[in-house]
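Chemist: Dock chain to chain to rebuild the complex, using the hints, since each chain is given by itself in its own frame.
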Amino acid sequence: MNVNDKEFFDVCVIGAGVVGCAAAMELCRYDLSVCVLEKEEDVCSGTSKANSAIVHAGYDAKPGTLKARMNVRGAELIRRLSRTLDFSYRENGSLVLCFDEGDIPVLESLYERGIKNGVRGLKIISGDEARELEPAVSDKVCAALLAPTAGIVCPFGMTIAFAENAADNGARFRFLTEVKNIERCGEGFALTTSGGAVRARYVVNAAGVYSDKIHNLVCEQKLKITPRRGEYVLLDREVGDLVSHTVFQLPGAYGKGVLVTPTVHGNLLVGPSAEDIEDREDTETTPDGTADVKSKALRSVPGVPYNKVITGFTGLRAHEAGDDFVIGESAPGFFDAAGIESPGLTSAPAIGEYIAALIAEKSGAAPKKDHIDKRVGIPRVAELPAEERSRLIKENPEYGQIVCRCENISAGEIADTVRRRPGAVSLDGVKRRVRQGMGRCQAGFCTPAAAAILARELGIKMEEVRKNAPGSELIKERL
Amino acid sequence: MNRHDIIIIGGGPAGLAAAAAAREAGVEDVLILERDVRLGGILNQCIHNGFGLHTFGQELTGPEYAERYADKVEELHIPYKLKTIVADVSADRIVTYVNAEEGVQTVQAGAIVLAMGCRERPRGALGLPGYRPAGIYTAGTAQRLMNVEGYSVGKKVFILGSGDIGLIMARRLTLEGAQVCCVAELMPYSGGLNRNIVQCLNDFNIPLRLSHTVTRIHGKRRVEGVTVSEVDENRRPIPGTEEFYECDTLLLSCGLLPENELSRAAGVKLDRVTGGPVVDDKLMSSVPGVFACGNVLHVHDLVDYVSEEAERAGRQAAEYVRGGGGDGETVVTLEAAGGVRYTVPQFIRPDNMADSVTVRFRVSDVFRDRSVAVYYDGVRVSKRKKRIMAPGEMEQITIRKDGFKAGIPKKITVCVED
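Chains W and V supply the protein sequences, listed in that same order.
Per the numbering used here, residue 110 is the first one in the first sequence, and the count goes up by one each step.
Per the numbering used here, residue 311 is the first one in the second sequence, and the count goes up by one each step.
It is worth saying that the hints were derived from the structure and are not from the lab.
Any given hint could be a false lead.
[As the list claims (entries may be wrong)] Simulated crosslink set (DSS-like; lysine-lysine; CA at most 27 Å straight-line):
| # | chain 1 | residue 1 | chain 2 | residue 2 |
| --- | --- | --- | --- | --- |
| 1 | V | Lys530 | V | Lys466 |
| 2 | V | Lys391 | W | Lys585 |
| 3 | W | Lys503 | V | Lys393 |
| 4 | W | Lys249 | W | Lys232 |
| 5 | W | Lys232 | W | Lys171 |
| 6 | W | Lys333 | V | Lys530 |
| 7 | V | Lys530 | W | Lys570 |
| 8 | W | Lys570 | V | Lys465 |
| 9 | W | Lys503 | V | Lys391 |
| 10 | W | Lys289 | V | Lys393 |
| 11 | W | Lys403 | V | Lys530 |
[What the hints assert, rightly or not] DEER-style ranges, computed between Cβ atoms:
| # | chain 1 | residue 1 | chain 2 | residue 2 | range |
| --- | --- | --- | --- | --- | --- |
| 12 | W | Arg199 | V | Asp402 | 25 to 35 Å |
| 13 | V | Glu703 | W | Glu347 | 28 to 38 Å |
| 14 | V | Gly634 | W | Gly412 | 42 to 52 Å |
| 15 | W | Leu493 | V | Ala575 | 16 to 26 Å |
[As the list claims (entries may be wrong)] Chain W is faced by these chain V residues, among others (derived, beta-carbon under 7 Å):
| # | residue |
| --- | --- |
| 16 | Asn409 |
| 17 | Gly413 |
| 18 | Gly440 |
| 19 | Ala444 |
Backbone N, C-alpha and C fix where the C-beta goes; we use that ideal spot for every residue, glycine too.
So that you can see chain V by itself, here it is in the shape it has in the complex (with noise of 0.2 Å):
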């Protein structure tokens, strides 16, 4: 059986990321693997701008984003299979995969880094009444068959879900020339970006309907058109509040999943509220030698995050093939508590951690002026204000070495407070 050092699932930003670095970090034994025709993942058709504000102070489209990582690879000629999709991994790190040129390969691997991504929620899990007609789309279909298949989806479209693929997409199609009638939300607030809010429905004149959802589908070839409730606190809908929309296209931006049956077939122990692995602050799941970064873990709201976070996990995946490190016995268990719904990593294994982790998290409503409360072992070691903070952003705190001093708490818990 061949073997490398470290074998990188899945040549998106997160695995360009953490593929470099990797190399960077001294392994020279690298291989991506990646399903898709080119390197770049999701960011390919991503056509629009506003990456890398973070990374480069600049504002880059995805495909210029995915090329300055894509062009880093290529530079440390770092090997990549495209059209590659992996059919398993083993809990021992035996990893098959399948293309056409070379059928089904079995490797052995030092050390895997989860890199696949995430999938969007389609129609049928959200449970929309109605028909099956042709033009229901995920937002991410619709964006792939226009930017880059070169397809108009539907000339009037009805957009339901607030995630960011979705409003972008919004605005997409208002530029194609499609009218785009109406977004509709079935919480009280925006699951994406303020920005995009902003700069994809106000900007061109598209409403906002909070609390709203589609209670029926119509049309039984084509769309032709939806039924559209308000919804009450516990997003039933309110009867005697249907309006009919029409159009002939209706687009999904209900929540990514993230895409972990390979992570569940190595035996990786997933977050329920992430869907993502469980990781430590080294960004390892609960799989020796098995990493995790990017959408697969958990989803993220910048792709800057991703790249950061891979770079992360790709220096781990090198110290851990090298042999460093070792985990050491005493765990820190990161809990999210009252407003936060998770944390990435899950625990800090504070004998070997670096000088300073990141902590990222979500919360679950929208919080004005209130403050991100850090506890160990339920005294209180940190408080800072928020103007604001919302579900639809990632919010981080820092873990520092040094604040174990006093003495290693057994668990840290992140909360929202007054």
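This is chain W alone, in the form it adopts within the complex (with noise of 0.2 Å):
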């Protein structure tokens, strides 16, 4: 293989979210070069930065479909991958609720489902004992779908994970590389970028919202991706704890229904909105928006406290028109991992494992003998025990400097975000590894003290950081 060439790859793999990071990750298992292209300045900048951040427990998909088969798949390996790879994962168990005894027949087909794709543990209950489960769901609920084996994920920390991952394992990754052409060219693709020319053996196509762009320069049946968008509310951890399970409606005459459910980091999460539209990278919060999530939330919880909310927030789901997944080698050496709309977080090491042991088997690639299995993140400081807490501090005496109050997040953590690699180049970035603030002042306080750290580990001017990409930058000028 021409490892020599720096600029020739086995693999190159369009976009870093969480399925690009993940198809990355299983491709290193293999004896293979990668390369990861991403037109942002960081991974997870996309659809894997805003969703509801659900491992969906496998009952939603018509059985044999694509969607179906991943999502079981990778719920099951999050599950393990979250030990492994350290990152926030917990089995909470969903509630999917029936407002309508004459939809009682819509969530046993939920069960049928279920069962059919394999979901271990799911169980239809009363109304009573829905309340029994969580206190705070309506009067109204007569009947609900327990699924014990459904997860709330932190889809940061699990994509950085997979990011970081398959760096260790080989994986180059170029930021702020938008792939504007892509050629056959001898054996492989000529990719033409704005970060100047790749080439490769096999392209993986995880370009989310735009993937139907990047299928469509080389396949020639075409794929139409709609950007839908879904907008949230994030409210404080002093109302974390108001439903345990993660609490769905029953899709009925009003609608699809939005969620209620509290996240890894004891945060409570209500949305999302559902619109699709045209602009890929609309993701504005909107009047209209919002009050729609806000209240279709209410019919599920009618006691959530919107005093308590901290941000909004806006997410683009890859919608693609025959509904399903569209995963696998569209044309000789192309592979899509296109039209990832939800279950996709949960699927997406799935989706990963699939199109690895595809391209595996395509170019005989062997297991790499010394792949790195194990990952550990950046300590969560404030969360260990005293004595774990002051034996780093003393290492490292910035651990014990707090910059972030509401999450405390410490200066040490801070400066690690920009070490490990790929690493943070943005305040953006440094909130998504170690969430410095995510908190109820929203980075208020930290602010300063962030960007100046950032900016000392980068070697780069106060004025020079930024919230995210080029033109995000904080500061106009010094005094």
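Modeler: Below you can see the structure in the form of structure tokens.
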């Protein structure tokens, strides 16, 4: 293999979201050189950063679809990988609420689907049983589907863990590198990017809401992705225990419904709305979208205290007209992971595993001999027992200097984010790695100090510190 | 476990004044825990003048005002720890703190004075629609970046909210060469001091648009502008009134929230209106030996009142560790009624009260030529006419112990009347 030629890789993965990072990680289990191209400045900058953060049990998707298969396998992998790769995951179980006796057959069909998909532990319970499990749910609930294997995960933490493990095993990441064109070239592909030319034998398309554009550069049969906008509101940790399960609504006459769930970090999350749009960068929050989500959630949990909202955000799902994932070799040597909408986060590691296996088989690549299976994340210093925390602070006094007081994040942890590979290069990157600024003051107090640490670690001036990609500089000039 | 007679959480104006007063009341063992790199708290970034008129009869800048109290703490040799964050406070007054030198430490306090101050309401909590680009700052964050770190945050600035820091920043940004397009305020009245409207907006021809809010933030990477709408009497945007303002920065000065996460951890009962602890006339919270003062108790308009209140809290904490006083059984509830949003303290224990107790409160609207009336169990005992009262400015009344000679009321009501 052409490992001597730096610009020639066995596999080029387009997109460093959760699917691209999972694919890179899985490809690195084999003797393959892997490069990940990302148009933004960091991993986890698109759909992967703004979603429900749910590990779906697997009763939603129609049996036999890729969604069903990847969901069930993905949930299994996440459970295991959360331990070996050190990211936050909790099996909190989920409830699908049914508000109308007449809808119980729909609930039963979900149950049947789940059984066919191989989901364990599913149970239909009465409204009273649901309220016993979750006292905050509505009196109007008459039955519910309980899925004890559903979970919640940190989508940033998981994506970053995949990326770091891929990097540990040799994957190269190129950021601010947008793929403009792909042409066949000899046995592989020549990619024209905003950061120069790259060549690869195989291409993996994990470009999220842009995956149709990438696909259509290569394949005869065209794809059309519609960005589906979903708005969320996030509430203070003070009210994060309002529910312990992820609470869904049974899709009914009133629409698809929204969820109310705790997050792995103890906040309460409400959302999403669903609106098909054209603009693939339109992550605006809107008065109507926010109001819609808030009112729908009250149907499940009438007491959601919206005066405790700390932020709102919008994510885009990559919806494909066929309503299933598009995964596989769509043209010789070109592998799609397109149309990855819900349950995409759950499915990501399974999609990565599947694509890596296809490419390994096609290329005849052998498993990597010295593959590194384990990854240890940045220590969550404030969560450690006192003696352990004190020991770490003795080793590195910056671990004892709290910068983000809402989330208890130290200067040492912030500095660590830059030193990882791939490391943070922006404040959003720091935030997604260690949660600095994710708390109730939303970075009001800690922005100046966090920016100063970022500048120091990156060896740049404060005026060059960015929120995310170029153009998002915080400071105009030195006075 | 180490023990200190009094631990003061926060080395801003409240903590410093409380510490000095506790020491002067005769308690030797006082310790201040401060999270920042220097004493003085938020005053260090308030480089404008106007502080200290009541306390010193002088117009000082924020750092000068802080320095007076920091000097006093130094002169009294009161120990303090900087860059030290308090991680937890328990109901039995065990304080856990963390810093780089000592790691995690737990200490027992005889009494605690909560003086952690407040934080600003962020964009997310305001629910402002639009993108989430760089260039959205709370006014205090921008103030710190400019006045402490020395950076300009923007060239063309829109300010939402007419809180005092926003008004001060409008002037500060203008003086540094930025253009402040406008200050918009959701309410039909300003949330700041009248003198700041005059000196920071009017003097610089910066328009103040009351009953307006931001209904859309434009710009994917950096703020490119805001859409502003007029709001109706229910504070809902009126369709058709949208106007676009081009700007690269949006400053938010939309309210301050007492920072009571530690108080809550200690089991301190909080007031839903102030966001701060419910306290008695000695400024003691629902947890015995835990006192509160300054902006963690309720958001003040002037630091002079913070200092006065904090000195009271410091003295009372000293009294508590010496075993003095005793609470007594009788409790008089203070009730905020018509036009009055809250009172601090929320109740008085008359058995052991001082000769006079200052009760501070804020009104819920702008009132001209109205009176503040005080009722003891439904009987009016005083009525005082005020030319103007506004939500941005604190008001006060005094309750005298000798006023209870005729009998101790169960309830004292404070309200606004014609």
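Chemist: If a hint holds in the structure, say so; if it doesn't, say that too.
Modeler: Each hint, compared with the structure:
| no. | hint | in the structure |
| --- | --- | --- |
| 1 | V:Lys530 - V:Lys466 | 17 Å, holds |
| 2 | V:Lys391 - W:Lys585 | 34 Å, violated |
| 3 | W:Lys503 - V:Lys393 | 15 Å, holds |
| 4 | W:Lys249 - W:Lys232 | 19 Å, holds |
| 5 | W:Lys232 - W:Lys171 | 18 Å, holds |
| 6 | W:Lys333 - V:Lys530 | 24 Å, holds |
| 7 | V:Lys530 - W:Lys570 | 23 Å, holds |
| 8 | W:Lys570 - V:Lys465 | 19 Å, holds |
| 9 | W:Lys503 - V:Lys391 | 17 Å, holds |
| 10 | W:Lys289 - V:Lys393 | 49 Å, violated |
| 11 | W:Lys403 - V:Lys530 | 25 Å, holds |
| 12 | W:Arg199 - V:Asp402: 25 to 35 Å | 31 Å, holds |
| 13 | V:Glu703 - W:Glu347: 28 to 38 Å | 30 Å, holds |
| 14 | V:Gly634 - W:Gly412: 42 to 52 Å | 44 Å, holds |
| 15 | W:Leu493 - V:Ala575: 16 to 26 Å | 18 Å, holds |
| 16 | Asn409 | 5 Å, holds |
| 17 | Gly413 | 3 Å, holds |
| 18 | Gly440 | 5 Å, holds |
| 19 | Ala444 | 4 Å, holds |
In this structure, the earlier hints numbered 2, 10 are contradicted, and the remaining ones agree with it.
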